[in-house]
Structures are given as structure tokens and as C-alpha cells.
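Dock chain B against the given chain A, drawing on the hints supplied.
Here is how the chains run, residue by residue.
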Amino acid sequence: MKLVQIAGYLGSGKTTLIIALAKMMAGPGLKTAVIVNDAGEVPVDGRVMEEFGLTVKDIGGGCICCQVAGNMIRTLESLAKGPRPDLIFVEPTGMAVPKTIRENVLPGAEKNGIVMGPTIVLLDATRAEKLLTYDTLKRLVSTQLRDADIIALSKADRVTPETLEKTHYAAAQINPAAAVLELSTHSGKGLFELAGAVRERVVAA
Amino acid sequence: MLSSRERVLKFLNGEKVDRPPVFSGMGNVIKPVLDKYGIVFSRVHRDPELMAKAAAGMYREFGFECAVVPFDLGVEAEALGAKMNFYDEVEGLLYPTVKEKSVEVVEDVKIPEDLANAGRIPVVTGAIKALRKELGDEVAIGTYALGPFTLAGQVKELDALFEESFLEPEKTGKLLAKLSEFIIKLFKIYHDAGADYFTLREMGGTSDVMSPKSFRSLIKPHLVEIIAAMPRPSILHICGDTNSIIKDMAECGADALSVDQKNCITETREKLGSEMIILGNFDPIKVLHKGEAKDVGPAVLESLKGGASAVWPGCDLWPEVPKENMEALVSTLKAA
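In order, the protein sequences belong to chains A and B. Following this note's numbering, the numbering of the first sequence begins with 1 at its first residue and continues without gaps. Following this note's numbering, the numbering of the second sequence begins with 206 at its first residue and continues without gaps.
Think of the hints as simulated: they come from the structure by calculation, not from any bench. Glycine included, every Cβ here is placed at the ideal spot set by N, Cα and C. Mixed in with the good hints, there may be bad ones.
[Claimed, not checked] In the PhoX-like style, the derived pairs of lysine-lysine whose C-alpha atoms are separated by at most 20 Å in a straight line are: (1) B:379 to B:315; (2) B:499 to A:111; (3) B:539 to B:510; (4) B:376 to B:315; (5) A:99 to B:467; (6) B:418 to A:130; (7) A:111 to B:491; (8) A:111 to B:528.
[Said to hold, decoys possible] Some chain A residues flagged as far from chain B (calculated, every beta-carbon gap over 10 Å): (9) 15; (10) 80; (11) 168; (12) 173; (13) 177; (14) 189; (15) 197; (16) 202.
[Unchecked claim] Which bits of chain B does chain A cover? Going by a derived footprint, with three or more residues having C-beta under 8 Å, they are: (17) 288-301; (18) 362-368; (19) 520-527.
Next up, chain A with everything else stripped away, as it sits in the complex:
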């Protein structure tokens, strides 16, 4: 089982992406599960997810304390004992730092054959300047971006090419090692490319 984290500040489109990616990647030979948290910006209807052959578990919590980490480990363990999906998409709360999830969750998960796949961090292109400038936000958002394997500039269809280029540059400055993709789940822009990048890294993990 490979764990794919989809992180990013609140409102960046994590839940929409996770649904789109899971639908696109689930199919014969690839079982997919999704773990969301109750701070997500779009309510997820478990029944809708299950129509696509997905398993939805719900965890909650506003901060990454041991209770939240423990709840997540427990949920992963139950997936490992039950449906045993090939791919688990995890959407932590928008305040979560991917490294913290990795450090807290992996020691427990590895025993159940769960391996960390790529971490995708969304950066809302319509608010990137604000997110990377404001004092209370920039620390968190920069930390999230530094932990990414793939940075997806979300809502890319809603900004000018100049803004997109500027955002691309800013993201690459923060994390030069990450792949930076432009994404719009609304128009579908970048979705296939992102799914391909996830698949490639999952195979390598």
C-alpha cells in the first residue's frame, strides 16, 4: 500500500483534487482509498466516493497532536487489515505540515506494509502572493511547500499567465527539488500530467 499525501493550505482545492485523482486512477488492478479530515473545505459524501470503488474513512482534529496522528495510524491499520488498497490518498487538515504527518504516521504504518509515496502540495494560484507574504501564513505555507515532491499550482485557469509564471517561480524558489505543475480541476488542465507524475513516483516508492 502506497500513501499519497495531498496537502496544502485551506481552500487550495485538496478535496476536489483528491476526488478527481482517485476517480481517474482507480480501476481494475488498482484499489484506491481516501482518508479525509473534517476540516476539509468541501464536504465529502462517503456514498459518492464508494460509487467509484473507493473506501472513505474520516478522521478529525484541528492540530497535529498525538491523538490525531494516532487516529490516522489506526485508520491506516484498519485499511491494511480490510480492503487493503494499493493507493491511499491522505488529505490532512490544511494546517498540517506533510513532514509531521510522515514522521508521526510512518513508524506505525511501515509494519503494515504501508510505504510513503509522493507528497503533493497545492498552492492556490489565486492567493499565492497573499499566502507567501502574510506573516501568519507564510511560515506554514512555505513549510508545506518545502515538504512537497510535487507542487501543483491550483486554480491555474483563474489567473493571468503573468501571475502563473510569478507563482511558478516563487514555488520553485522555495523548493527547487519539487516538480511544479499547473492545475485546474475545473478545466482538467494538468490533471493527467499530475496523475502520471503520481503514478511514476508511486512505482518508484
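Only chain B this time, still in chain A's reference frame:
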């Protein structure tokens, strides 16, 4: 020979003791105790007798020198109108979480007139009274409450809270002030019920997400206010690597500081000098829950070597701690 209670209270008051106590100020109930007493985890949060029995069990079964209630992080939010998910239908253990928040603006914070009987507060006070009756003066009874910023994140949507804290910090300040008033009242209720020591848990103030500057301007003043008014001995806990704000934490005025496993505790000690009581900081998941029993002792002793005044977990214990790991923790520290 000191009783466990005497040892804990003398230690937290800065007096000399025969050895550092082996205890915690945060949630610590584990499955071997629950199983032995036939307690279902999802029910333990709503029944004072079960809560007391489980908390006392940590002393009775393992010699852990405290009985701490509650176990979850939703008591305060629920008293302020939030709805909880206790995961009754889930097989296995999950901590309760807030499923429906109750606050958008500060005016939504309604501190109940009869706070002592709001939400699950009477469950906690009932458990404290039951513990006192059962344990007498043998064991120190600890309790905790969330700090104002962490509580704000439990009652209000996090995105709104964080954005507001930048765009309109004065609004967030008013919210934190109102929640601080609530927290002070809550600690008084816990004190009157008979608790011995009090931990203020401001986990959301972690430097992972909050800059030191924001911590100082937005959160610290409220912590100072709460700690000045709350019963003693008082402990301030903040999660994450707190060395960048550790002096600010000390200035908040608590009798002791608690830090988690992300802190380099040697640096913490260097920054605070020799007098401050520092509690911490083994990793309750990696070391105690998922680690091997043989590795627990050496791992927890690292905290003492690094400068902790007493070893305690960096956060709540995950309930599925194996029996032998808990035994290794207690025996190692009592012999140290």
C-alpha cells in the same frame, strides 16, 4: 518515603524530592488497563466512574504516579456548543474529535452560566471527585484544559481563524480573550472538584505553523493572563519545536514547562538555565506505542540526560501502548 502525590506536588513546587516523579499532565490511559477493567474506550469519555477507574488504573496497574482526566481534547469545545464524534460505531480505538464547530464570531462564544454542569464538564469533575475518594492522598490528580488558540481551532473553522488572525488580529484577540475567560473559569471548577495540578495545553501555538512574532503578539498575552489566574501548580505545554519561543513560554509564568519530542531538550535547558522545571520529551508514538520494550528505557533516559527535570511524554499516550512498554517506562525511570 514520599507518597506519589507528595512527590509530584513537592517536585512541581520546586522542592527537593527523592527522585523525579514518573507522571504526565496529559491524556494517559492505555488498552491494557481498559481491557482489564472491561472499559470501552468510546464510552470512557462520557462516564465519570469509568473515567476515574481508567485513570486510577494507570497507577494501580503500572505505578504511573498520577491520575489524569479527561483523556480527549473536546471537553471545552463541547461545553461551548461544538458537536463531538465519539466513534461509537468504530471497531477499535479512535479519540473523539469535533465534528461540528459552534463559533464564527466572538459573539457566538456563550459561556454557560452554569458552566460546572455544561457538556461533559460534570463528567470530568465527577471523575476527579471519584478519584479523590478512591485514591485519597496516595496519588496526585492532574487535569488539563486547552489554551485559547488551540480551543479557538476546535470551535471555529481553522481557515477562518488563521486568516482572521492576520487580516483582523484584533478580532482574533477578542476571541482569545473570551476563550481565556472560559478557560480560567474551567480551571477553577476543576480545582474546586479536587484536582492537584493543572496543565494548560496550547498545542495550536506550535512554531510549526505560528511564527514567534505571531506567538508573542497574539497568544502569549492570553497565556500570561490565564496562568496568573489559574490554580497552581501550573504547567504550560506547547507542541512542536518550541526552542524559538521557549523564553516567552517561561515568561508566561507557569510553575513548569512541558515540551514535546521535536525539541532539542539540551538547547531548551541551556536557554532556560538550571532553575526552570522542564518536563518532557519522549515520543509517545514512536517510542512507547510502536517501539520495542527493550528500547523504551534508553530512549526515555535521553530526556533526563538532555536536561529534563522529569521525564514525561511529549503528548498524550496513544491508548494502544503495549503493557511491557509501559512497564519498561515506569521501571526505568523509577530506577534512574
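Which hints, by number, does the structure contradict?
none
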